[in-house]
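Given these sequences and hints, build the entire structure.
For reference, the chains in residue letters:
Number of protein chains: 2
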Amino acid sequence: MTTAPGTTPDLSGVPDAELLRLDHQVCFSLHAASRAFGGFYRQALKGLGLTYSQYLVMLVLWEHGPQPVKGIGDRLQLDSGTLSPLLKRLEAAGLVSRERSREDERSVLIDLTDEGARLRERALSVPRGVLDATGLSLDEVLGLQDVLGRLTAALGEAADAT
Amino acid sequence: MTTAPGTTPDLSGVPDAELLRLDHQVCFSLHAASRAFGGFYRQALKGLGLTYSQYLVMLVLWEHGPQPVKGIGDRLQLDSGTLSPLLKRLEAAGLVSRERSREDERSVLIDLTDEGARLRERALSVPRGVLDATGLSLDEVLGLQDVLGRLTAALGEAADAT
DNA sequence: CACAACTAAGTTGCGCACAACTCAATTGGG
DNA sequence: CCCAATTGAGTTGTGCGCAACTTAGTTGTG
Chain A
1 MTTAPGTTPD LSGVPDAELL RLDHQVCFSL HAASRAFGGF YRQALKGLGL TYSQYLVMLV
61 LWEHGPQPVK GIGDRLQLDS GTLSPLLKRL EAAGLVSRER SREDERSVLI DLTDEGARLR
121 ERALSVPRGV LDATGLSLDE VLGLQDVLGR LTAALGEAAD AT
Chain B
1 MTTAPGTTPD LSGVPDAELL RLDHQVCFSL HAASRAFGGF YRQALKGLGL TYSQYLVMLV
61 LWEHGPQPVK GIGDRLQLDS GTLSPLLKRL EAAGLVSRER SREDERSVLI DLTDEGARLR
121 ERALSVPRGV LDATGLSLDE VLGLQDVLGR LTAALGEAAD AT
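Sequence order for the protein chains is A and B. Numbering-wise (the numbering used here), the first sequence opens with residue 1 and increments by one. Numbering-wise (the numbering used here), the second sequence opens with residue 1 and increments by one.
Some hints could be false.
As the list claims (entries may be wrong) - Footprint (simulated), chain B over chain A, 3 or more residues, beta carbon under 8 Å:
no.	stretch
1	15-23
2	39-46
3	140-152
To be verified - Far from chain A, by Cβ distances over 10 Å, these chain B residues were calculated:
no.	residue
4	L83
5	L109
6	D111
Just so you know, the hints here were simulated from the structure itself, not pulled from any lab data. Don't be surprised by glycine CBs; every beta carbon is placed ideally from N, CA and C.
Now the structure itself:
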């Protein structure tokens, strides 16, 4: 599926040059929002000694428990090229353990250390500050998530089809 | 201004643990959408020999003409640490020229080469493909831009206030 | 059983984002 | 006029994201 016939965006009448400007704005605003979010988290997480991406990994472990690298990668859509060094850093920081599975020697199980589990308590106060700072209502947050989710899915499909 | 009194998000009643889950989803979906966008552009721009960020810089030059590094940085919210090496690569690719200004010897003027200007013709076809692939209507695109813009501004302000 | 296909994790290399810094040019206040 | 503060560009170092690759373990098929 490339584009559902009934849902096709009404861009046919818009000239190319105009689209180039619009495109500029769309990809820029997404890019900028993502970096602004990242910058804000950098601040908020500095006290915990975590980067934004490390925080995402910890969220997965806090919420879903021990995971193989593959499991974390599936949930965050990240590959081993990104996760392997990141997890080594989390291990070096004493927050997670890495143990090769006995059932399947290919996979490595990531688990929280006591210190990693304790960190959750301190992390609990972070999201309220962030969500407050966005100035968005709960509805807007949910709406944003919906649009972004569809966007990601659509782009993923389109990329696969290529 | 931190939060407009009348617009304060109604998050007061939501427990911390729930917020942690919600936060997970918000920052993840934004992160994922940004990367999905990047991945799609990587594909679309491969033929032009540009990366996503290089494309953003070219868009600025195509739209606004010759700019000092500072000007590009202001428009894209990027600093010289990111732009300097990026512009060197664009120069090496023969797309832009870098010339130190005579009026102010501190600033370096970036201009399109003929080849860089010509590349615009080939870039014109890119955004339609991207916007099509998103599967979003024009209204949704504009709405998304609005929310993201407010989000970025709010996070920027909040970060400054810290 | 043997061997090809696949899978999980890791490594390497490149470009971007950002903090912290240097250096030179410019500006402004005493 | 002079010197301190500011500004624009660049450099260095760290971490992320991804493509392309390697290595080792597992699975499926003849």
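> Per the coverage rule (Cβ-Cβ under 8 Å, at least three residues), is the stretch 39-46 of chain A covered by chain B?
Replying inline: holds (count 4)
> Minimum Cβ separation between B:L109 and chain A greater than 10 Å?
Replying inline: Since the minimum Cβ distance to chain A is about 21 Å, B:L109 lies beyond 10 Å and the statement holds.
>> The output says B:D111 does not contact chain A. Does that hold with a beta carbon cutoff of 10 Å?
In response: holds (19 Å)
>> Is the claim that B:L83 lies outside the interface with chain A correct, judged by CB distances over 10 Å?
In response: holds (14 Å)
>> So is the stretch 140-152 of chain A in contact with chain B by the C-beta rule, three or more residues under 8 Å, or is the coverage claim wrong?
In response: holds (count 11)
>> Under 8 Å between beta-carbons, do enough residues of the stretch 15-23 of chain A, three at least, approach chain B for the coverage claim to hold?
In response: holds (count 7)
Consistency with the previously given hints is maintained throughout, with no hint failing.
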